[in-house]
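Protein chains in written order, with this note's numbering: chain Y, 1 to 846; chain W, 1001 to 1134.
If you're looking for bench data, these hints aren't it; they were derived computationally from the structure. Treat the hints with care, as some may be off.
[Said to hold, decoys possible] Derived CB-CB ranges, DEER-like:
#1 SER523(Y) to LYS1082(W): 47 to 57 angstroms
#2 LYS1082(W) to LYS736(Y): 29 to 39 angstroms
#3 TYR1105(W) to HIS531(Y): 52 to 62 angstroms
#4 TYR1105(W) to LEU624(Y): 27 to 37 angstroms
#5 GLY1027(W) to LYS639(Y): 19 to 29 angstroms
#6 PRO518(Y) to LYS1082(W): 50 to 60 angstroms
#7 GLY1027(W) to ARG688(Y): 38 to 48 angstroms
#8 LYS1082(W) to GLU799(Y): 53 to 63 angstroms
#9 LYS1082(W) to LYS646(Y): 35 to 45 angstroms
#10 MET1075(W) to HIS547(Y): 52 to 62 angstroms
#11 ARG595(Y) to LYS1082(W): 39 to 49 angstroms
#12 MET658(Y) to GLY1027(W): 36 to 46 angstroms
#13 ILE592(Y) to TYR1105(W): 24 to 34 angstroms
#14 VAL578(Y) to LYS1082(W): 50 to 60 angstroms
[As the list claims (entries may be wrong)] Below 27 angstroms or equal to it, Euclidean Cα-Cα: the simulated DSSO-like pairs (lysine-lysine) are:
#15 LYS646(Y) to LYS715(Y)
#16 LYS71(Y) to LYS86(Y)
#17 LYS139(Y) to LYS194(Y)
#18 LYS1037(W) to LYS736(Y)
#19 LYS614(Y) to LYS1092(W)
#20 LYS607(Y) to LYS1100(W)
#21 LYS1122(W) to LYS614(Y)
#22 LYS1102(W) to LYS607(Y)
#23 LYS1122(W) to LYS607(Y)
#24 LYS590(Y) to LYS1092(W)
#25 LYS625(Y) to LYS1109(W)
#26 LYS1092(W) to LYS646(Y)
#27 LYS1100(W) to LYS1037(W)
For every residue, glycine included, the Cβ atom is placed at its ideal position computed from N, Cα and C.
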Amino acid sequence: MSFKLDLNSPELLNIIKNIFLLLWIFLIFNYFRAQFNVFRIKKSIKFLKKENLILIDKINQKFDELKKLNKEINKNYHLVDVILNKHSDLIWILNSELQIIYMNPSALNALNLPLSEVTGKTSGQIFISPSDVEMILEKNLRILKNGQPEITEEEVSFSENKKTFYLTTRTPYKNHEGHIAGIVCISKDITERKKSENLLKESQQKYQKLFENLPVEISLWEIEYEKGTNEIHTWKLLEANPYCLKNWDKKESDIYGKDFDSIFGAGSTQKYFEFVNSTMGKSTAQQCEIYFEPLGKYYYSTSIALGHQFILVSVDITELKQTVLITKKQNTQLKAIFQAVPDGIAVFDMKGKLFLKNKSLTKVTNCFEHEILNKSIQEIGKIFKFKNPDQSTISPQDSPACRVMRGQTLVNELHIGIQIPTNKEIYLNINGCPVLDSNGKQIFSLIIMIDVSKKIHEKKAIAENESHFRKIANNIPQHAWIYDSQDILIWNNNKFYKYTQLTFEDLEIQSWIMLLPPDYRESALKKWLTHLNNGFPWEDTLPLRAHDGAYRWFLCRADPIRDLTGNITQWFGTNTDVTDQLLLQEKLEKTIQARDEFLSIVSHELKTPLTSLKIENQLLFADLKAKPTESYSYESVLKIAIRTEKQINRIERLVNDMLDMTQIRSGNFTLKKQPMSLSDLVYEIIERKKPEFIQAGAPIPELHLCLSAWGNWDKLRLDQVISNLLINTIRYGNKKPVRIELKSDGKICQLIVEDHGIGIPEEKQNSIFNPFERAIDGDSVSGLGLGLFITQQIVVAHEGKIKMESTLGQGSTFTVELPQYPHSSPQLTQIKESTHANEISFSSRR
Amino acid sequence: MQMKSVLVVEDDQDILENVVIALNIAGYPTHAAENGKLALRFLYQVPEQDLPGCILLDLMMPEMNGFEFIEHLQMEKIFKIKKIPIIIMSAKDNLSYFIKEKPEYDVLKKPFELEQLYSVVKKYCLIPEKIQHA
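All chains, please: the whole structure from these sequences, using the hints.
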């Protein structure tokens, strides 16, 4: 579509004219409206000006007021500042973060920190004790939460050893928005108050405890007056301590609020009335001692009035009263004892005057009462003086009384007192001491004298007896000794010292046990100590070493010595030398054993031929029964007779040997000497013994005999000697050649018998000549074992000698030497058994 | 029936002779030995069938005594020799300990009766006819 504008068209001109008109109208309207607005503004300004003036006035007024207020506030602030700074209480302000924003000097002083150090810090950074910190934090948080102020007592420690009590007020304060902005804390130091409170509490407790536990009756009473008067009617119990209740045996509930009569029975009030009455009238405490019948006791009572009340404190003095009574009685008894004691008692005053004495003093000193009582030491010294026990004199100023006067104490002093007129001497045991008063000043001198003359004389007699005893004990053959009950040596007699060559001092150091061989010590000591303990008499047989080191056996015995109470004080013992006895006993035992053995051998040796005889005889009987008598030939009977003869000879030899032995032992063995040729005798015996050699299968001995072997000898006994030696060669010769040699130098004849048999063991060689001894032990060889013993005894009886040399397995040589014509040449010579002393050994005793 | 012999061991010639005679009379064959050694030698030499029925043994003898002989016999390996009964003949009066230790042995105490000898030997050797008749 197209639009075309025609500027000459009337319509357009019309429109333009209208537009201009409208514009005109609008301009005129705006003009008038503007004029109106100016008018209105001018009016407003006029009003405002007026109003502004009023306002300025008001502001000025307010400003004045504010100035005044500020002045006031400044004044108050100064006041508050002064108060805060000078206040002794601890004041500090916390913000909502619980940081310190203010602290007054007192608080800073208590903390000992400058303000700069504390500002902005929390309590936790200031206080030391974690428990304090926790407690304070908890409180502060509570206050912040609740908004309620709190007042608490708290104990805070600012330093390690100082604790302070505070009464702290914590008050929350609000900001302008009404929220809690922090806490104002004010702490008052109440440590001193607390201390006094505690002290008060403690003292209250103390008094309470005292009241409850004092072993004194304490009671509180209230007076009840007669109606309308001031007269005391009665008094009622308000409180009583447990001691009262215990002593009165009442319960609190039964007696509290009750009057005196109803507690203790009618008449009790009367008893105490005067005392209570006097108490109530006076301000000071009243005391009285009274026997209170209802309780059967003596009382020492104290009472103090307290307004209408009074405290009654009663101490039970019944025991004291009784003690006084007893003391009075004892005093009387003591006086009686003082007079009755056998000891003389003298009391001197400080001027040296004897003013008190007992009866015994006159008796002990042999002085009359009027001579000494109320007399001075010097006066008494004229009739009674003292000497020392060694008879030396005592000067008057060193007399016992004078020494005690000088403050010395005498204990068991022995003096001789002499009563001058009669010159009688008394041994006195004197004790004395100064008597002091409570200040330690000497007021008297006390002397006690005991007459010990009798004891001294007895002691002298005992000493004399003891010296006699020692003399005896030193001269008895035994060792004697005394030990005390603790095994300590007191005394040994001289015999013991001589035996051991030890001194008393040696034996004090070295126990007697050391005198025993080491392996005896332990058991011996054990036994001795057992007896020391149980007190039974001791007996032991022990080897004690002599000074030369040799031991001898002693029978040691000890008996306890008891005192009057039966306690053992000492042991008296003796050691008796029993070595010889023991040797003898051992020898006896050996002898008995040997005898038994001998009897056993004898019985065996006798039984052997008997057996033979018995069988032979029984065979003969049996034969006789079986055969007629005529059938026996001469030869057969002879054979029997020879055999019987042989057995009888054997028995005879045994019996003879035993007889010889007995004779030698009893000393009845005699020789019948006659001149004879020994060579003849040897020939004779060899001839006789030939059958025995042959029977034993041994060669006949080879003989080398000198014919000049004549002498004065007992032929039968020498026959025995040679026969015994020959029998031995048959028994022990081992069937080897035997050589017999006979030599003579005109004085002494030598017979040598040499075999090559079994020989004699070396250990047997020394004892081969002893009775019952055999070359071979045991069950291999028969015989009594007496042959060589008898042989030796016969040779010795002829004043000769017999020797033996032997090697085991090679043979033995026996050499008999006989003096041909001995000088003494008695026709009858007694043979005595040569003794063999045997030593005993310890081992045999064990 | 075969007769068993008796071995007599005794050093005393007379007793030995008499015991042998007595046993011979009773009909027992006998062997004699003077000591233990000879007795042992005999036991080893004799044929087994001729070993004695019992041994009469003296105790006290030279060379080898009765006790030693018994010891030897107890250690013997040949059973028949070991088991030969032994009769002790002794005059020793202290034999009680020995009897207590070896109760199996018979003991003839010297001097003994012939009857005792016969009755103890009879236990081990057969009784000859003629004695029974006698």
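Each hint, compared with the structure:
1. About 51 angstroms separates the C-beta atoms of SER523(Y) and LYS1082(W), a value consistent with the hinted range of 47 to 57 angstroms.
2. Remark: the range hint 29 to 39 angstroms for LYS1082(W) to LYS736(Y) is upheld by a beta-carbon distance near 36 angstroms.
3. Taking the beta carbon of each, TYR1105(W) and HIS531(Y) are about 53 angstroms apart, inside 52 to 62 angstroms as hinted.
4. A hinted range of 27 to 37 angstroms holds for the C-beta pair TYR1105(W) and LEU624(Y), which are about 34 angstroms apart.
5. Between GLY1027(W) and LYS639(Y) the C-beta distance comes to about 22 angstroms, which sits within the given range of 19 to 29 angstroms.
6. A C-beta distance of roughly 53 angstroms is found between PRO518(Y) and LYS1082(W), which places it inside the suggested range of 50 to 60 angstroms.
7. Roughly 40 angstroms separates the CB atoms of GLY1027(W) and ARG688(Y), a value that falls within the hinted 38 to 48 angstroms.
8. For the pair LYS1082(W) and GLU799(Y), the beta carbons lie near 60 angstroms from each other, so the given range of 53 to 63 angstroms is met.
9. Distance hint for LYS1082(W) and LYS646(Y): a CB-CB separation of about 37 angstroms, consistent with the stated range 35 to 45 angstroms.
10. The beta-carbon spacing between MET1075(W) and HIS547(Y), approximately 59 angstroms, falls within the hinted interval of 52 to 62 angstroms.
11. Take ARG595(Y) and LYS1082(W): their Cβ atoms lie about 40 angstroms apart, and the range 39 to 49 angstroms holds.
12. One distance hint, 36 to 46 angstroms for the beta-carbon pair MET658(Y) and GLY1027(W), holds here, with the actual separation near 41 angstroms.
13. Between ILE592(Y) and TYR1105(W) the Cβ separation comes to about 31 angstroms, which falls inside the hinted range of 24 to 34 angstroms.
14. For VAL578(Y) and LYS1082(W), the Cβ-Cβ distance of about 55 angstroms falls inside the hinted range of 50 to 60 angstroms, so the restraint holds.
15. Restraint check: the Cα-Cα separation between LYS646(Y) and LYS715(Y) comes to about 23 angstroms, which is no more than 27 angstroms; the hinted pair holds.
16. For the proposed pair LYS71(Y) and LYS86(Y), the alpha carbon gap of about 22 angstroms is at most 27 angstroms, so the pair holds.
17. This hinted pair checks out: LYS139(Y) and LYS194(Y) have alpha carbons roughly 22 angstroms apart, not beyond 27 angstroms.
18. Between LYS1037(W) and LYS736(Y), the direct Cα distance comes to roughly 20 angstroms. Compliance with the 27 angstroms bound is thereby established for this hinted pair.
19. The hinted pair formed by LYS614(Y) and LYS1092(W) meets the criterion: a straight-line CA distance of about 17 angstroms does not exceed 27 angstroms.
20. For the hint pairing LYS607(Y) with LYS1100(W), the CA-to-CA distance comes to about 23 angstroms; that is within 27 angstroms, so the pair holds.
21. Between LYS1122(W) and LYS614(Y) the CA atoms are separated by roughly 20 angstroms; this keeps the pair inside 27 angstroms, and the hint holds.
22. Note on LYS1102(W) and LYS607(Y): the hinted pairing holds, with a Cα-Cα distance of about 23 angstroms set against a maximum of 27 angstroms.
23. For a cut-off of 27 angstroms, the pair hint linking LYS1122(W) to LYS607(Y) stands: about 24 angstroms separates their Cα positions.
24. For the given pair, LYS590(Y) sits about 21 angstroms from LYS1092(W) by alpha-carbon distance, which is consistent with the 27 angstroms threshold.
25. Taking the CA atoms of LYS625(Y) and LYS1109(W), the gap is near 26 angstroms; set against the 27 angstroms cutoff, the hint holds.
26. Proximity of LYS1092(W) to LYS646(Y) is assessed by CA-CA distance (about 22 angstroms); at most 27 angstroms being required, the pair is judged to hold.
27. Of the pairs offered as hints, the one joining LYS1100(W) and LYS1037(W) holds, with about 26 angstroms between alpha carbons and a cut-off of 27 angstroms not exceeded.
The structure fails none of the hints (numbered hints given earlier).
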